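Chemist: Protein chains in written order, with full-length UniProt numbering: chain W, 1 to 173; chain Y, 1 to 411.
Check the hints yourself; a few may be wrong.
Think about it this way: if two alpha-carbon atoms lie no more than 25 Å apart in a straight line, the pair counts; the simulated SDA-like pairs of lysine to any residue are [said to hold, decoys possible]:
#  : chain 1 : residue 1 : chain 2 : residue 2
1  : W       : K149      : Y       : E73
2  : Y       : K105      : Y       : V333
3  : Y       : K105      : Y       : K388
4  : Y       : K105      : Y       : H65
5  : Y       : K388      : W       : N107
6  : W       : K47       : W       : E4
7  : W       : K149      : Y       : Y368
8  : W       : K149      : Y       : V246
9  : W       : K92       : Y       : R214
10 : W       : K128      : Y       : L6
11 : W       : K149      : Y       : H65
12 : Y       : K230      : W       : F45
13 : W       : K92       : Y       : G302
14 : Y       : K388      : Y       : E73
15 : W       : K134      : Y       : I29
16 : Y       : K270      : Y       : K293
17 : Y       : K105      : Y       : I133
18 : W       : K128      : Y       : E58
19 : W       : K47       : Y       : E229
20 : Y       : K298      : Y       : Q254
21 : Y       : K105      : W       : F45
22 : W       : K70       : Y       : L6
23 : Y       : K298      : Y       : N193
24 : W       : K47       : W       : R90
25 : W       : K134      : Y       : R182
26 : Y       : K105      : Y       : D385
27 : Y       : K18       : W       : Q132
28 : W       : K149      : Y       : Y63
29 : Y       : K191      : Y       : E287
30 : W       : K134      : Y       : D385
31 : W       : K149      : Y       : E58
32 : W       : K70       : W       : P146
Cβ-Cβ distance ranges computed for the label pairs, FRET-style [claimed, not checked]:
#  : chain 1 : residue 1 : chain 2 : residue 2 : range
33 : Y       : E163      : W       : E69       : 47 to 55 Å
34 : W       : N10       : Y       : L326      : 53 to 61 Å
35 : Y       : S25       : W       : E150      : 50 to 58 Å
36 : Y       : N322      : W       : N10       : 51 to 59 Å
37 : W       : N96       : Y       : I29       : 50 to 58 Å
38 : Y       : I215      : W       : D140      : 36 to 44 Å
39 : W       : S68       : Y       : T146      : 54 to 62 Å
40 : W       : M139      : Y       : G363      : 31 to 39 Å
These aren't lab readings, by the way, just hints derived from the structure by calculation.
Since we're looking at a predicted model, the values are computed, not measured.
In this text, a Cβ means the ideal position worked out from N, Cα and C, and glycines have one as well.
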Amino acid sequence: MALETTVIQNKLSDKFGDKVTGFTQVHDIFTFEVDSASMAEVMGFLKEDAVLRFNFLTDLCGIHYPDSEKDRQFAVVYHMHNWYDNVRIRFKCFLNGDNPEIETATNHFLSANWQERETYDFYGIIFKGHPQLKRILNMDEMTSFPMRKEFPLEDGGRTDKDDRFFGRTPDNC
Amino acid sequence: MSDLLLPPEHRYAEEIKKRQNEDGSELSILNLGPTHPATHGIFQNILLMDGERILDGEGTVGYIHRAFEKIAENRPFYQITPLTDRMNYCSAPINNMGWWMTLEKALNIEVPKRVQYLRVIIMELARIADHIICNSVLGVDTGALTGFLYVFQYREKIYEIYEEICGARLTTNMGRIGGFEREWSPAAFKKINDFLEEFPAIWTEFENLLSRNRIFMDRTIDVGPISAEKAISYGFTGPNLRAAGVDYDIRVMQPYSSYEDFEFDIPVGKSGDTYDRFCVRNAEVWESLSIIKQALAKMPEGPFHANVPDYYLPPKEDVYTNMEALIYHFKIVMGEVPVPVTEVYHPVEGGNGELGFYLITDGSRTPYRLHFRRPCFIYYQAFNDMVKGQMLSDAIATLSSLNVIAGELDA
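Next comes chain W alone, as it looks inside the complex:
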């Protein structure tokens, strides 16, 4: 493996200072945290730099941490892959619980388009600058964000599923 994780860490620290923190190796993937305001800049640097060359955005998804402090209640996780040296990285951007907003990655990768729409659809995270930020898997009329932890798995208002017939009471469900 040509690209060492220390090289990645040094290059990022030199360029972005304390905007990029928390470097650790979790199992086989090098992981760190990026300040949400500098996300697009860091991603562009990771993609364009002649040494880093993370040319592929593998995956993008959201996480909800309702019990954390206000500024860290949402996270967007990016997995990137350098195909030249075959190195993967993962970085997270933590967002404010009341006002989750982050820049879009669609300027760097076309594949971010639907993945960001999906994240918006399920978590209500706003991707600033996204060309078409609307719901994708859920219906357009929906008002809530179903992957947030407070959203119940089953709809409490269902009338076709009478709990008495399933042996459930409010105490034992």
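With chain W's structure known, arrange chain Y on it following the hints.
Modeler: Same frame as chain W, but now just chain Y:
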């Protein structure tokens, strides 16, 4: 509000008003779907058409969204496997094995060599089944039903092998953490050997039927092409990316389950069009057959599961007669097992691309977050880009050759 946020027919109506062709004909809006004629699943595309030519389009997905990620946050590990079956149901064992490998990575479980080889065999069989469906249905969509009916009986034979191994056919729910639920029976090996003997002749015939067929070539060459650069930006993986000329394959880049022990080629195409995708899949079937043969020849002796009593269900005879085993069975199924606080991402080469599992555990009995990287969700967004300027019938062939599985797309 930007126009793009409205339903596409609004902005297409503007386009139609703006533009009138010289011969007096008008543009029109075509609602393709929600049900696709050849039942690849449920897609809807609203297309702006100039006669039979597609000028623009926008897809609607999510018709069979079943909230798998939300359900997974409320289920212990063993109850999540049936959810993975129902994503890419054309190659369910790959999803199952990918999920077990993700868990084994999170729980630091070492799997015996024999299990790894058995997994390779079942995953390659699943890949063959997946490619059989995709390529033969591409034939159907271009007007050749015979090939489809001819090779489909061999998908049936693969399903019989699954049945011999785990009892199920389509949604297999196969395996356990650390291995398989039982030793593969001699009947299973016999069925695999029979398949290896009979299938090559059939597949050769299927290839001969289509690959140099004038009508098929006219219908697929230069239809729905994508450049390598654009395919990478759109997040293409699997055969669709390889058809564009990039030899990216997880089995080689990041070998899992002992893929490094086998010799195989990565077939690549050149132009990324429908015909190249067809040819890449055809060639991959031959590579898969060769991998299965090598795995059978080199099959090591050993147990069919890892020795991890904390996670591996006790034998059924014991569960029925022995109190301890019964308790363990119950605890494992209900998820009362030691789980470290960690996060893992594990990719496998699925039937249509890089299938990834991103698992975050918090030490409780259910995942804190489980995200599926579903390859066709990511590359299907390129569809409208690929069919712009093409004929309507080409769009059908392109959709078919992309191997988009609605179950996986919508999760």
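Chemist: Which hint numbers doesn't this structure obey?
Modeler: 3, 4, 8, 9, 13, 14, 16, 17, 21, 22, 25, 26, 31 and 37
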